Amino acid sequence: MARILSTIDTSSEIFRANSAHNKGLAEELRGRQQAVRHERPQRDLDRLARQNKMYPRDRLEALLDPGTPFLEFSTLAANMAYDGDAPGAGQISGIGIVAGQEVVIHADDSSIKGGAWYPLSVKKIVRALDIAIENRLPMIHLCDSAGGYLQLQRELFADRYYAGRIFRNQSILSKMGVPQLAVVLGHCTAGGAYIPALSDYSVIVRGTGAIFLGGPPLVKAATGEIVTVEELGGADMHTTVSGTADYPAASEAHALALAREIVGSWTPAEKTVVDRIAPEAPHYDPEELYGILPRDSRTAFDMRELIARIVDGSRFHEYQPAYGTTLICGYARIWGYKVGILANNGVLFNDSSLKGAHFIQLCDKNRTPLLFLQNITGFMVGKEYERRGISKDGAKLIMAVSGASVPKFTINCNGAFGAGVYGMSGRAFDPRFLFSWPGSGTSVMGAEQAANVLSEVKIRQLEREGRTLSEAEIAAIRDPVLENYKHEQSAYYATSEIWDDGILDPVDTRNALGMCISASLNAPIDPPHYGVFRL
Amino acid sequence: MTPQSFTSVLVANRGEIAVRILRTVQALGMEGMLVYHAADAGSPAVRMADRAIEITGITPVAAYLDAAQIIAKASAAGAQAIHPGYGFLSENAEFAKAVAAAGMVFVGPTPDAIELMGDKVRARNFVEARGFPVAPSAIEDDDPDSFVDRARRVGTPLLIKPSAGGGGKGMRIVRDLAVLEAEIERARSEGLRYFGDGRLYAERYVEKPRHIEVQVLGDAHGTVVHLFERECSIQRRFQKVVEESPSPGLTPEERARICDVAAGIARAANYRNAGTVEFIYGAGEFYFLEMNTRLQVEHPVTEEVTGIDLVAEQLRIAMGAPLGYGQDDVRVRGHAIEVRLYAEDSARDFSPTTGPILAYRPPQGIRVDSGVAQGSVVTASFDPMLAKVIVHGDNREQAIERAKQALADFVLLGCKTNAGFLQRLLADPDFVAGDMHTGSIAEKPWLAQEPALDEQRMIEVLGAAALLLVPVRNAADAVSLQHAAMGAWRN
Amino acid sequence: MQHHISINDVPHRLWLGRSADGYVLHVGDVVAPVALRRDADGQSVLDTGERQVPMVVAVDGDVIHIHLDGEAYRLAYTDAVTFHAAAAGGAAGDIVRAPMPGVVIASPVAAGEDVAAGDTLIVIESMKLETAIKSPRAGIVETVFFTLGQTFDRDAILVKLVSEGE
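Chains as they are written, first to last, in the numbering used here: chain W, 71 to 605; chain B, 10 to 500; chain S, 4 to 169.
In isolation and in its complexed conformation, chain W is listed as follows (with noise of 0.2 Å):
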């Protein structure tokens, strides 16, 4: 496979300008996680000393092997919800390797409001479980919860990916064969006694972990009876008389100790098999990306300089090289597993299209996983491209994307908007993940293009009561328009609504794709199959 040769001027002003807005764009990211993961008002951390608790993050590094990845999902999820007060939505989630093997971690964050469920919150989980699912991962709970938060309930309790996903995945997940653990650090109390209870193991701690439809509290509402949290729900009741959990602990680390020796028990899923081959660097410094990506996403550049610092050895065999130039489809190799990448160089018109929706079937054929580079605005609109067929087209793209049968991949690079979304495989598509880049956007279109959409109808409207407007006045319609729709197109917004799985500083890509391939093959590839492609 060549490798691709980078006409990237690593001196010029231009990429020391990209260069030094992207790293700051990074390192935002990075002081946002930092505080999300680690600053904790000092009366919630005086709070878990004193419950003789280990604070959440210490428990997730003690049940990981030591010297391994751990890829977490939707870090700042929930950042621009609740007023932040749910950083991370409360949650941490994540793949991680638990002695060797793969596993799907959900751990409640009980630094923060007692891990109490918000609305994102059971978002969170719900996907964690999702991704166990389609990755047939196991899973491994990490409960300390004081169960949902009760003035949002309608927002996370009725509806069909509210609360009850997550017991219906739990469910699913132990049907397929897929084992699951629950370690119980803390009270797991209404629904949240469920978690354990639907594990196929469970861990409970003495003194610290209890389950219990109702506590004691509500035990002496309903009924009267007085009890302790021990009688009601404690290690020693549940281990010896109700058999609702498995196994006492004596402490957070002994808990955690047997967790790692349960999964150690468990007989890992045989991979699924495809090319891959001995793992090579990218030739060119990843770091490089900071200088490619443009300050303006809407300047143009060549996401072949993207691929050639995230691929091994920078090689890339390109398909169709002259055909339908703006989709750049071919075949690379992401930590040795070979992947059919589609990425976008300017807008997708018909040819570009249709060479899509044929590599995607090529890729399906020979079982290879696709990766999405989004840089997208959407579909060419306009007379001739409606009479050449371009809907027509984009629908055998879309047909494409939404039957493929290998795993799919999704990085929003740039920035992904309109119908461009579908054909590159956006959320809805169920790529098995999906990571935005801190620069990047998404929104049914451009800012710009939505804020004079919307400006315009309202200026319409001051114009029809005969009233002629200022550029001043026009700009005080318009400028809150776009600031409020910038806000909600970012990549902060839509991970904060979890949209995607978290945003990724590019540099961590390959790593981050590395984790998710590997992941992907403990599902096995179904046989190609496809709906019916309008020709």
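Think of the hints as simulated: they come from the structure by calculation, not from any bench. Quick caveat: nothing in here was measured; it's all calculated off a predicted structure. No residue lacks a Cβ here, since even glycine has one placed at the ideal position from N, Cα and C. Incorrect hints may appear among the rest.
[Said to hold, decoys possible] Covered, in the sense of this in silico footprint (three residues per stretch, anywhere, with C-beta under 8 Å from a C-beta of chain S), are these stretches of chain B: (1) 228 to 239; (2) 367 to 381.
[Said to hold, decoys possible] Partial chain S-side listing against chain B, Cβ under 10 Å, derived: (3) Ser22; (4) Glu133; (5) Ile136; (6) Ser138.
Position chains B and S against the provided structure of chain W, taking the given hints into account.
Same frame as chain W, now just chains B and S:
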């Protein structure tokens, strides 16, 4: 007992001393027999013996103390002589008599000599009566009215202790006779408080005492020679750890005097065979402590400096042969050091350790008297001494260096030993200077502590162990190469 | 969670990882490649990349003995579950262990007997010293594991008291 010739010797002992004795017995062309308890089956001594006879007992130690059984089995096996080694039955006069009564030769002194020296008070009186130095003392019970005066005559420094005492309780050291009566009253009240007994005993206190002993040999024809002294001041828990000859603490005049006194005592006792006269030495004075009527653990240092095989001499003397040489024929060449390798944990107050000996490689070209081998199991049944490393050098410095090197080269794995402690001790500046006394180890508790590991060494041993531990290696192998290569990456 | 290995009874933590061509030791902040070449007689050479370190090793299950540079090291592995159960107290209060190897010279209590804290459970002799082993708490004797005259190793369980779990 009539001296008589013999061609077979049964060793009524075990461990390193059994091996040591068998070596000479066999070198002299005699048949070497051994009694052993099942706990010692497979030991180097059993393997070495021309004939090994099992003995039984409630405990292994009890078997080796069972005189009647041993004599019966020795007789039945046709043994003509019995060598008792040290410990067990070696200083048991009744055993010596019974051996003779059974028609065998006891390789050791006469029962009379054993009895005399075995009674500490009799031995002291015997030695004192013949004008040899014993520590001046006064016993209150002898005449309570004159006790203070007699104590005053003992002179300073003076140690006053309760007769019923032990463990240092109630002991007072008096350096100024002006306070003697006050100190006596204090000691008496403490004695009453701790032991319910106020009677006292006073003796000359020796500051920083050294333990010096002299090897003697006497034949059946009245010839007694000394084989010079051994210094055994390095002790822990009242047991010797390092012995050497000559003593670095004696002037030539002192050496000549102490050796002459030892030979004189042996002569006075009409002593026959090998024996050791022990002295306490301090501030230029030395006093008789006791006489050991047997082969000593530390006899090899004497062998190394004099070139005389003490076991061979014991056997010759037991056969009635004359020594055949006089005092002037005994010469000291160079310097010898013996270090005792114990199964013990110096950092845990020298408490004994146990375990299987998984690897055993003694240093090459060095005398090692050992009772263990690879595959031996060290148990709590017996004394924790595993082996003795004996080195000889042209001078003391060279001997110390050789001893350190020999210890460093000595591989013994599976049971913790005091090898590290011994190496630290041999490097101690005071030891190197020859400046030590019986309390030196207690005064230097840091020698007993293992030094903190430096990082490099820690990595080396942890690295090797990690690779050898099945669960550790399995945990490593369980992780895919890809995840291992990513390391502790976090996004 | 790292492995727990003591060196001469001093606790240490480590992790062994893999690399493309062997193993890597993680101890604290140190990461070092390690490889061990073993000859049949236990003579071994540890290769840390920078140094070739000759040593003699002997393996006794989860205990590794190493002779290196004149010193003998005993490295004992404890699996994490056992380690943390013990660290958390576990059932330690129920078990009375031997402080040193020795022989039983008196056995004043029998299974089923009530004992008070400080009562003598068993008397051992080691190094010619008698040591009375006392009860750590009041309770009922469940088992006395050694009889008169029997020898035992250090850390052997001498007496177990009935658990107070319920």
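Going down the list of hints, with the structure as the test:
With a threshold of 8 Å between beta carbons, the proposed coverage of the region 228 to 239 of chain B by chain S is violated, since 0 of its residues qualify and at least three are required. Only residues whose C-beta sits within less than 8 Å of a C-beta in chain S count toward coverage, and the region 367 to 381 of chain B has 3 of them, enough to reach three; the restraint holds. Below 10 Å, beta-carbon pairs count as interface contacts, and S/Ser22 has one with chain B at about 7 Å; its hint therefore holds. Interface hint status for S/Glu133: violated, as the beta-carbon distance to the closest one in chain B is roughly 13 Å, over 10 Å.
Because the closest C-beta pair between S/Ile136 and chain B is about 14 Å apart, greater than 10 Å, the hint is violated. The restraint placing S/Ser138 at the interface with chain B is violated, with a minimum CB-CB distance near 22 Å, outside the 10 Å limit.
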